[in-house]
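> Take a look at the letters that make up each chain.
Protein chains: 2
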Amino acid sequence: MFESAEVGHSISDREYDLAVPKLREALLNSQFNLLSNKTFPVVIVIGGVDGAGKGETVNILNEWMDPRHIITHAFGEMSDEEQERPRMWRYWRALPPKGHIGILFGAWHTDPIVQCVLGKIGKRQMELAMDQIVAFERMLVDEGALILKFWFHLSRKAQRKRLKALEANPKTRWRVTETDWQRFKLYDKFRKISEMALRQTSTGFAPWIVVEGTEPNYRYLTVGQTLLDAMQQRLSGKRPAVSRAAPLPEPAVDQRTVFSNLDYSQSLTRKNYSSQLEKHQGHLNLLTRDKKFRQRSLIVVFEGLDAGGKGGSIRRITAALDARHYQVIPIAAPTEEERAQPYLWRFWRHLPRQGRVTIFDRSWYGRVLVERVEKFCSEDDWMRAYHEINDFEEQLSDAGAIVIKFWLTITKAEQLKRFRERENTPFKNFKITPEDWRNRKKWDDYQCAACDMIERTSTDAAPWLVIPANDKYFARIQILKTLCDRTEAVL
Amino acid sequence: MFESAEVGHSISDREYDLAVPKLREALLNSQFNLLSNKTFPVVIVIGGVDGAGKGETVNILNEWMDPRHIITHAFGEMSDEEQERPRMWRYWRALPPKGHIGILFGAWHTDPIVQCVLGKIGKRQMELAMDQIVAFERMLVDEGALILKFWFHLSRKAQRKRLKALEANPKTRWRVTETDWQRFKLYDKFRKISEMALRQTSTGFAPWIVVEGTEPNYRYLTVGQTLLDAMQQRLSGKRPAVSRAAPLPEPAVDQRTVFSNLDYSQSLTRKNYSSQLEKHQGHLNLLTRDKKFRQRSLIVVFEGLDAGGKGGSIRRITAALDARHYQVIPIAAPTEEERAQPYLWRFWRHLPRQGRVTIFDRSWYGRVLVERVEKFCSEDDWMRAYHEINDFEEQLSDAGAIVIKFWLTITKAEQLKRFRERENTPFKNFKITPEDWRNRKKWDDYQCAACDMIERTSTDAAPWLVIPANDKYFARIQILKTLCDRTEAVL
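Residue numbers (this note's numbering), protein chains in the order written: chain A, 1 to 491; chain B, 1 to 491.
Okay, chain A solo, but in the shape it has when bound (with noise of 0.2 Å):
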């Protein structure tokens, strides 16, 4: 893999005076063009040898372009509020919104690379992790971003050689560090797990492409080029085909669904109701205040039919909890912010700290559900989405996230009643829209919707919980319960 980059690549400085002014001036168009067209970002992720000139590269770019549009980020120890969330928080938190440049610096590759090296972590979980960046890869290229990785590389020989220019030079003496030596006497692993790691993660959508870093001019030109075609090339309207997702199963030939089956007479009185209540709720908060707890998080999520008791399910949950310690999210139509990336984005930016409770009223299965039945997003994009969804809850599951899922299910005719209920209750009135009786009208397919979600993302990690809400006593109960059962089960 790194053999093209040890032939001693290089560029008269002559060729170079020649070339950069021209570079230069079509970079800055196309970053202009792709500013004023804001319809995808431009993601660079620079990995690579210490001392091959990433740091030099990255700061020619800042200098080619113009650097108020270019989102640099250097990824180093990562802060108190990065630890408590998984691992990908800190990538998410700095995604370039459409229409930016973000280079990305010692990116997601880095830290798997080294805790490898070092044999913090073994093959297996390596493997699993260049995996999960493939995945995110992939998510980043079918949400439009066009990504750019550079590999810089230098021989072992050449490697030292510079470690040592550097050093003898009083002006760029300080760049090289004690963990620089300590990380060149390790070269040889350094470059078999890092040849694998790019194998595995040099994919058609985001190749790697390897650079030779010893001799500046040629570092720089092959990067500004290949940046510049690479903009102009998408600028002009030529996007990689997204590959389709697998189809849809059919559904079964008896018609049998996961709702089919379910028992909807179940009803408690009000006075179990009230006993239940209690003895529950009690058992929440002592679970939320548990030693054990302080080192996980909670995250629920509610979806489900209008009206089918998703608000006052949560306030029954809310009421069991300090304040202080949890926060509710309703899912409406996202920002304007939130429009300038990738799907998933705004729901991590409001992923909890560790011992917090985080309840999402609607979720992240928008895209399958409502957007889906709406024809709100093109079925590439969800039928994609079921898999970035359980590769999230996934991750967020590996970070120490209990997930729970309920699925609020009433009948056709119990809905009606509560539609009913509600217009004539002033009170209540403004939770019934026209928008409810118009969903009301595409009842058979946002059911067939939630069959395919239930079906494909109920998962060890994350289990979708399907409540008969019918009688809402009944149901407030069962979620009580399952709360409780599941994280006592966790802790």
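Since the hints were made in silico from the structure, they are not lab data.
In this text, all values refer to a predicted model and were calculated from it rather than measured experimentally.
There are no misleading hints in this set.
Which copy is meant is left open, so a pair is good if it fits within one copy or across any two.
Capping the alpha-carbon separation at 30 Å, the derived lysine-lysine pairs in BS3-like fashion look like this:
{"hint": "1", "residue 1": "LYS431", "residue 2": "LYS22"}
{"hint": "2", "residue 1": "LYS271", "residue 2": "LYS22"}
{"hint": "3", "residue 1": "LYS98", "residue 2": "LYS38"}
{"hint": "4", "residue 1": "LYS38", "residue 2": "LYS375"}
Could you slot chain B onto chain A? The hints should help.
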């Protein structure tokens, strides 16, 4: 101040049960109106004595209203990301957007009070902190926020009784910690200093409401009813008048301004420029790598006339820096999320961590320049901005940031020359728009606004440097030199 909260207020259960359903319904309705109006946020500050029922009251408010549209924040230890910014950064992060209710638990008052009781800060520092809080709350009110500050009080005797009772009950025992008893020993000191703090921060626009914390029914009803009255009053359109800022001084009788004595003829030869550029860039680079800079940050503001040379000057600075350590923030129209927050919110969110450089290409001064001249905001709004900005910059400086502001000024003739040049250079013509020509017609208004701005916001902590920029070389060197000199002086 606390006498009226030691009289043994209490409400019978019968009265309470009678009042609550109506109160809840009215609160829910107000909350819904607030949400659909989206014209102002409600900021509820909760402070007071341990064991006076602060937490329970917050929980009740979340239970009575729709918790999906309440954002509760509790402030404990600072995270490392918070520690590296001005003290108020964490509160800016937690402000509710328009239409929402934010409950801030142990907000900006708590820390100075505790620090003062423990003897970590003196009276003088305490008073400064209170002044800062008054300025902050005044800004919130001027921005339209409805602020309610509740202080929960207990007499010494009542607090001991309460702590004992909590301890005796197995269900609540966890809530009384060692710290609570340690603080109880300091009851008298706490009371005295709290009283001082409340007196200083109880203003006409954001008064404290002291609530006796002994008896729950009274406590809940008082807070609920006060909140309801305040929301209803505001929703009915009665907004407290914001006091007018003092009028601006008349222009000097001799018509002299900070600009009239500038020498625009200063210039540099290309050769002289190149050698000085290299020298100062090298120096700046060294300074930002200085060990002492790791406890500092550098915030550079660029303002000036169109075609004044801001972009080119910024590029000469960034060329001296490592791209991993700076951000350039171009300020354009605010986003939707930014419009739902106080004016300065969108600048607070970009403040650098320690060891970093942030360059603002246009800035918070937009309010007293373009917004003033184009009448995008009311006179009251831009008049109060001077004070808010000074206060903001003082906080930056107190937190260790080096704040430097450049005003690039050119003559009217030079601007015309540059506009023409931009129109005739294909690669520059995106930099000239009809708006630039429109702004040029208001030349005198902009000059006048700039003079006022410099007069009212050039402070020791954050001075304005007026740079005659007819000669680009001269201006850039001046800027770099000033940056180096000031940074060096501070380190």
